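Student: So you can see what is in the structure, the chains are spelled out below.
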Amino acid sequence: MKVVKILSYVWQIQSKQIVKGKSIVSIIGSLLFLAIMALYGVGVGMMFQYSERFHFAPSELLFFINTAILGMTLIKSYFPSYKPLANPLPSFFPVSRIERAFVSVILDIISPYSIAIAVFYGIVFSIGFEYIAMTQMLITVIIFFSISLADRSLKCLFEYNVPFRWLHLAIVTLNIIGFFLKPNLFANHHLFVTGVCLASLGQQCLLAFFVILPQTGIIRNAPLKHLATNDSRTKTTYIVKTFLRTRSVLIVLALGLLVQILPLTFVATRNPEQLRRMISDFHFNIVLGFVAPIACFTYILNNAFGLNWYLWQTVHLHNGTRISTAFLYLRLALTILTIDLIMLLPALWYRQILTIENLGFWFLSAVTMIFIGFVLATTQAMKIEKISMNMMTSIRSFSSPISSIITLVIVSILIFSYSFYYALSIGIAIIGAVAALFISFSDKTLKHKIYHAIHS
Amino acid sequence: MPLSVNKIAKNFNGRQILSGVGFEIHNSQCFWLVGRNGAGKTTLINILADLVEADCGSVSFGDWTYEKEELVIKRNLGVLPDKNPAIPQLTGWEYLRFVGLLHELPSDECSRRAQSLLEYFFDETEDAHKRIGTYSHGMTKKIGLCAALLHRPRYLILDEPFAGLDPVSSAKLVRFLQSYLNEERIIFLSSHDLSYSQKVITHLGILEGGALQFVGSVEEFAASKDSIEESILRVLQPKEATLTGLEWLVS
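Each protein sequence line maps, in turn, to chains A and B.
Note that the first sequence covers residues 1 to 456 in the working numbering.
Note that the second sequence covers residues 457 to 707 in the working numbering.
Keep in mind that the hints were calculated from the coordinates and are not lab data.
In this text the structure is predicted, and so the values were computed from the model without any measurement.
Backbone N, C-alpha and C fix where the C-beta goes; we use that ideal spot for every residue, glycine too.
Be aware that a few hints might be false.
Stated by the list, open to error - Listed next, the in silico PhoX-like pairs over lysine-lysine satisfying Cα-Cα at most 25 angstroms (straight line):
no., chain 1, residue 1, chain 2, residue 2
1, B, Lys655, B, Lys628
2, A, Lys2, A, Lys16
3, B, Lys586, A, Lys5
4, B, Lys628, B, Lys695
5, B, Lys655, B, Lys586
6, A, Lys2, B, Lys524
7, A, Lys16, B, Lys463
8, A, Lys16, A, Lys5
9, B, Lys539, B, Lys628
Said to hold, decoys possible - Chain B stretches covered by chain A per the calculated footprint, using a threshold of three residues with CB under 8 angstroms from any CB of chain A:
no., region
10, 528 to 540
11, 547 to 554
12, 558 to 564
13, 684 to 690
As the list claims (entries may be wrong) - Partial chain B-side listing against chain A, Cβ under 10 angstroms, derived:
no., residue
14, Ile543
15, Arg587
16, His607
17, Ile613
18, Gly665
Use the sequences and the hints to build the structure in full.
Tutor: Printed below as a string of structure tokens:
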């Protein structure tokens, strides 16, 4: 009964917060977010209807979509709007461990993010109903549930002092890897996915049962830890070392490279003729998929130069200039571009689509993404959430209007130039334009105001 | 119902944080734990609050222990951790109502208590109906204090309660703690702020290198003519700090 009261109270508060204390602009912004998810749902639903023309089976398409959702779910922890509560009940309150575990898991699982994804899948399944088997739909829901749990586990492991943390991390990693391997290794993957989900649920309950305290001294913020041990002689090497040793940077970099598996799998399973026809018929270049890690990295670069207090203060309090910041940014960007290119070239060569045109397309896309991050990182000292996909998935922003509009223009050009479905891209661009205007009027929190005042 | 700590030891990553810490605090005592940074004060508080499990040793609140009467202890325990785990998505008022739910306080009573606590600790300019995520450091500390006091705990554990508070709020807190202490209650305080702490404390313990160097009443400790500050420095025996290496800076 107590658990029910707690849950109903929190949900009641959360539902009030959708409108409470918010301007009309902000409320419309939230509705816009749902509209964007719905629009994506319509677009993907239609892809099922035209799946034959794309030369892939509905089950394959579903796998790619699920993988994209997986990536987004794992990355979303870095978006303030979607921070899970993780552990709302510290253990000094008179609540039993089982009740605490239950409440923590339920509150995190049923979140605005999950609701948005539910809307997306609901529309996709409604439109592509004839092409997707019932079991596939069920498995998709189970996979999302399983990945949401894995995401929560990762967050708990990184932020809390949990007994047997390496064991938990191993289980979560196996869960994610198992999902990627599923179609290839297991004939009866329904059973496999259900097993993975159950294992994830069991592990999650165990984790929630054990989670007791944030940061007891074992887990410290990586930059602080490494500032003491970094013995670089020059400012640039000092900052580069600090940056690359930052835990959050490494996690997102690893995730970015994990996302690379998506286009790699796609390229590996098509024959060269299919790929060539897809590019010419639909103006959808698979090379675009390889830009995803760059997008991820652009995001973390912005984060690191934005709200990463340690690094930002190091740069700016120690006589750093925008020019030196920009050069540093470029050097880091070139590193990730090189890694990306090393993965891209063999894949294109293997499928005989290693052409100057494709390389040019990759270069244009990559430079565009880096340029967005470059402009944003050097024009403002605030946390920036807006690049490409983020622009479409997170309405709450602290970007300046000019940066938002620049981002919007660049992303729109990218979408217009290479989108495979013009009507959809026009819709996204229009909604994006309206979103950018709303973003520019969105409320800034006290923290950001103070931060801005300090650094302006 | 004394708060008894018996031979507590804790090890993190091969580093001994606490080794054989033991003391007893009786009713109407305000115990002040003092020590250098990294001496193990917060770890000890976390063990007392059941946030961290000790490697060995035991903690008991009268006849109650966490092994047998965990929920009974927590109904009688108010904790303000150094890093206050308030939910940033909720407003201060909502958070206090949420804590009231956890303690199963009747709704009206919870509102009444929350209102009076906020009126006492918050200034007129501070809005408790804003989200906690937008609070300043001091306001976050105050809302944590209100949450720790909402259920009238018999045992009150405060980790750095004065950190981040302005002088007016600190004075208010001192006055409150002086009034709160009675023959049924115990206050356990860890703070580096000597000026405010010494107005409240009756007993103190000096933690150094994971072990208690002194435990006793303020009278016993300050028996000599030295001030408490000087006495603490005498016990801790800090290495004499010279400015020789800093000539480049101070010259």
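Student: All hints, please: hold or fail.
Tutor: Hint-by-hint comparison with the structure:
| no. | hint | verdict |
| --- | --- | --- |
| 1 | Lys655/B to Lys628/B | holds (12 angstroms) |
| 2 | Lys2/A to Lys16/A | holds (21 angstroms) |
| 3 | Lys586/B to Lys5/A | holds (23 angstroms) |
| 4 | Lys628/B to Lys695/B | violated (36 angstroms) |
| 5 | Lys655/B to Lys586/B | violated (32 angstroms) |
| 6 | Lys2/A to Lys524/B | holds (21 angstroms) |
| 7 | Lys16/A to Lys463/B | violated (49 angstroms) |
| 8 | Lys16/A to Lys5/A | holds (16 angstroms) |
| 9 | Lys539/B to Lys628/B | holds (21 angstroms) |
| 10 | 528 to 540 | holds (count 6) |
| 11 | 547 to 554 | holds (count 3) |
| 12 | 558 to 564 | holds (count 3) |
| 13 | 684 to 690 | violated (count 0) |
| 14 | Ile543 | holds (5 angstroms) |
| 15 | Arg587 | holds (8 angstroms) |
| 16 | His607 | holds (8 angstroms) |
| 17 | Ile613 | holds (8 angstroms) |
| 18 | Gly665 | violated (15 angstroms) |
Violated hints, listed in ascending order, are 4, 5, 7, 13, 18; each of the other numbered hints is respected by the structure.
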